[in-house]
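K.L.:
With these hints in hand, go ahead and build the complete structure from the sequences.
Here the protein sequences line up with chains C and L, keeping their order.
Numbers 461 to 715, taken from the working numbering, label the letters of the first sequence in order.
Numbers 7 to 255, taken from the working numbering, label the letters of the second sequence in order.
Derived DEER-like restraints, expressed as beta-carbon distance ranges:
{"#": "1", "chain 1": "L", "residue 1": "228", "chain 2": "C", "residue 2": "482", "range": "45 to 53 Å"}
{"#": "2", "chain 1": "C", "residue 1": "505", "chain 2": "L", "residue 2": "122", "range": "24 to 32 Å"}
{"#": "3", "chain 1": "L", "residue 1": "142", "chain 2": "C", "residue 2": "654", "range": "42 to 50 Å"}
{"#": "4", "chain 1": "C", "residue 1": "482", "chain 2": "L", "residue 2": "144", "range": "28 to 36 Å"}
{"#": "5", "chain 1": "L", "residue 1": "221", "chain 2": "C", "residue 2": "513", "range": "51 to 59 Å"}
Heads up, simulated EDC-like pairs for lysine to aspartate or glutamate below, C-alpha to C-alpha not over 20 Å straight-line:
{"#": "6", "chain 1": "L", "residue 1": "80", "chain 2": "C", "residue 2": "593"}
{"#": "7", "chain 1": "L", "residue 1": "80", "chain 2": "C", "residue 2": "585"}
{"#": "8", "chain 1": "L", "residue 1": "80", "chain 2": "L", "residue 2": "67"}
{"#": "9", "chain 1": "L", "residue 1": "80", "chain 2": "C", "residue 2": "596"}
{"#": "10", "chain 1": "L", "residue 1": "25", "chain 2": "L", "residue 2": "58"}
Honestly, the hints are just simulated from the structure, not real lab data.
Since this is a predicted model, take the numbers as computed values, not measurements.
Built from N, CA and C at the ideal position, the CB exists for glycine as well.
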Amino acid sequence: MAAIGAGVTLTLYHAAGAAVLAFHTLRGMLRPRRYYQLMLAQAFDMGVASIPVVVVVAALSGAVTSQQSGYQFTGTVPIWIIGSIVTASVLTELGPLLTALVLVGRVGARIGAELGTMVVTEQVDALRAVGRDPIEQLVVPRVAAGILVLPPLVAIADFVGIGAGWLGAMLTLPITSSEFIYGTRTYFHDFALWFGLIKAAVFGATITFIGCYVGLRASGGAEGVGRTTTNAVVAGTVALMFWDAVLARLLKAFG
Amino acid sequence: MIELIEVSKSFGANVILDKVSLRVEEGETLALFGPSGTGKSVTLKHIIGLIEPDEGDVIVDGVSIPNAGRSELKRVRQRVGYVFQGSALFDSMNVEENIILGMPEQRVREDKAGCHERAMECLRLVNLERQVADLYPSELSGGMQKRVAMARAIAGHQAYLLYDEPTTGLDPKNASIITNLIAHLQEELGVTGIIVTHDIENAFRVSDRVALLYEAQIHALGTVEEFLESSDPVVQSFVRPDTESVPTA
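P.N.:
Here it is, written out as structure tokens:
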């Protein structure tokens, strides 16, 4: 019972801390002139540098989806359905979620380690000491950059994923290109595309915000920073799964 | 003027400061020393509001720091330069950018050329060449990093300078250079300063008064001469550590 009580207390403590940070971050985001240069630098680093790994993961996920659905459905349902399955899976789930998971490891962990190191080496205190607001200087540009870069990355992942699914199907399944495209068009709704991109923006905010939150709470030396990095990845992944479930319900409600 | 009025601070069950009162007059330099872990750095951090006291008040430039609003606290912080123990330079910024960070934000936005010139002037004041401006902290020695941190601390024409163990981790030669630099800055800029240090010899060279923080309280406060002549065994053990064992809190 005591352990459960301590767990609840800790959860409430972090929820309150995250709420306060979120409030200050949102307030800071209302003044883009103050952070747009820092945001663009972060966006370049998060976005452009992530493209290769996003492309590889998206290509593999698209190809695997078409292979797996071909294996499951050949001879049981019309073969064009593979085009629908690949498109639906990539646009609503695989594109946004796998891209976000890649960025949890690449960006969330980096932000956690970076800010954690800044805390334990007193750089964050130094910012405060010179009259600067660490949230405005460190958190706002990163969260804004996350919101900015995830949707285009997901759009690239969608394009590559569907393309790889098509190529995989062409090379290994008894399906023609026109059948695959027919399946794709049959499923395709604008809303699914937009919803995937909105989801990407939410994921972008989540990954960067959690990286910042755990980073700013780092303590201790190298061990503390290591723990912070792990926390950023674990908490980021859990939060993404949570948002994915919640947003899937919204998709059903509005789609 | 900097004044701590009966400031108390605990971390959990660990009492760090217990009704500590201290007053540093305009233009004065005070050296604060004591055993490790007695709250010297915590005392400094109270002065710029990085730590809030559990009880008591901290007055800087006529402003009560624990009760100050965001903008008032920001204004005070821009009047106070803080040299951190580990220099706390920003790894991602070069030396010039680090120094410019010590200048008011509005000036940085509106007067880039002026900020550049001021950064170069600060480099001169801390005896560093202009060429250092483009280097990153990882390319500097420990002594140079301290000097850049000092340049950042004075970049905004701060009226108060707080040094957190400025000579710790430096070899005797570099420690002496930094101490001379502190003395030079006090003379040239006429600022009010507090130096937290273990380096008693160097601290005595640059301070007008000395305070000993011991067992969470100011155990002794006086001029350098008064400290040197004190018969208090705790003071003696710090002033002449080779003749007495250093008491631990």
